[in-house]
Amino acid sequence: MIVSAPSDYREAARRRLPRFLFDYIDGGAVAENTMNANATELASVALRQRVLCGA
1 MIVSAPSDYR EAARRRLPRF LFDYIDGGAV AENTMNANAT ELASVALRQR
51 VLCGA
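Numbering follows the UniProt record's numbering, in which position 4 of the sequence shown is assigned residue number 4; successive positions increment by one, without gaps.
Some clues are possibly wrong.
[To be verified] Derived Cβ-Cβ restraints for the label pairs, each shown as a range:
(1) 47 with 13: 16 to 22 Å
(2) 50 with 18: 34 to 40 Å
(3) 2 with 48: 19 to 25 Å
(4) 6 with 51: 17 to 23 Å
In short, the hints are calculated from the structure, not lab data. Being a predicted model, the structure only gives us computed values, none of them experimental. We treat Cβ as the ideally placed atom computed from N, Cα and C, and that holds for glycine.
Let the sequences and hints guide you as you build the complete structure.
This is the structure:
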């Protein structure tokens, strides 16, 4: 599997880890407030690719 996006890391982890461990790491507790806040903040990050821009 070639990892080319952040979601690919999640899928790779899901395939490699035992289910109980992946579910524990991937899940949130009760209302999942922190998990949702983290996902919202991460979605607001924009990465700019800098290839052949000079040195």
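Outcome of the hint check:
Between residue 47 and residue 13 the C-beta distance comes to about 21 Å, which sits within the given range of 16 to 22 Å. Between residue 50 and residue 18, the C-beta spacing of about 38 Å keeps the proposed range 34 to 40 Å intact. At roughly 22 Å, the beta-carbon separation of residue 2 and residue 48 lies within the given 19 to 25 Å, and the hint holds. About 19 Å separates the C-beta atoms of residue 6 and residue 51, a value consistent with the hinted range of 17 to 23 Å.
Taken one by one, the earlier hints all hold for this structure without exception.
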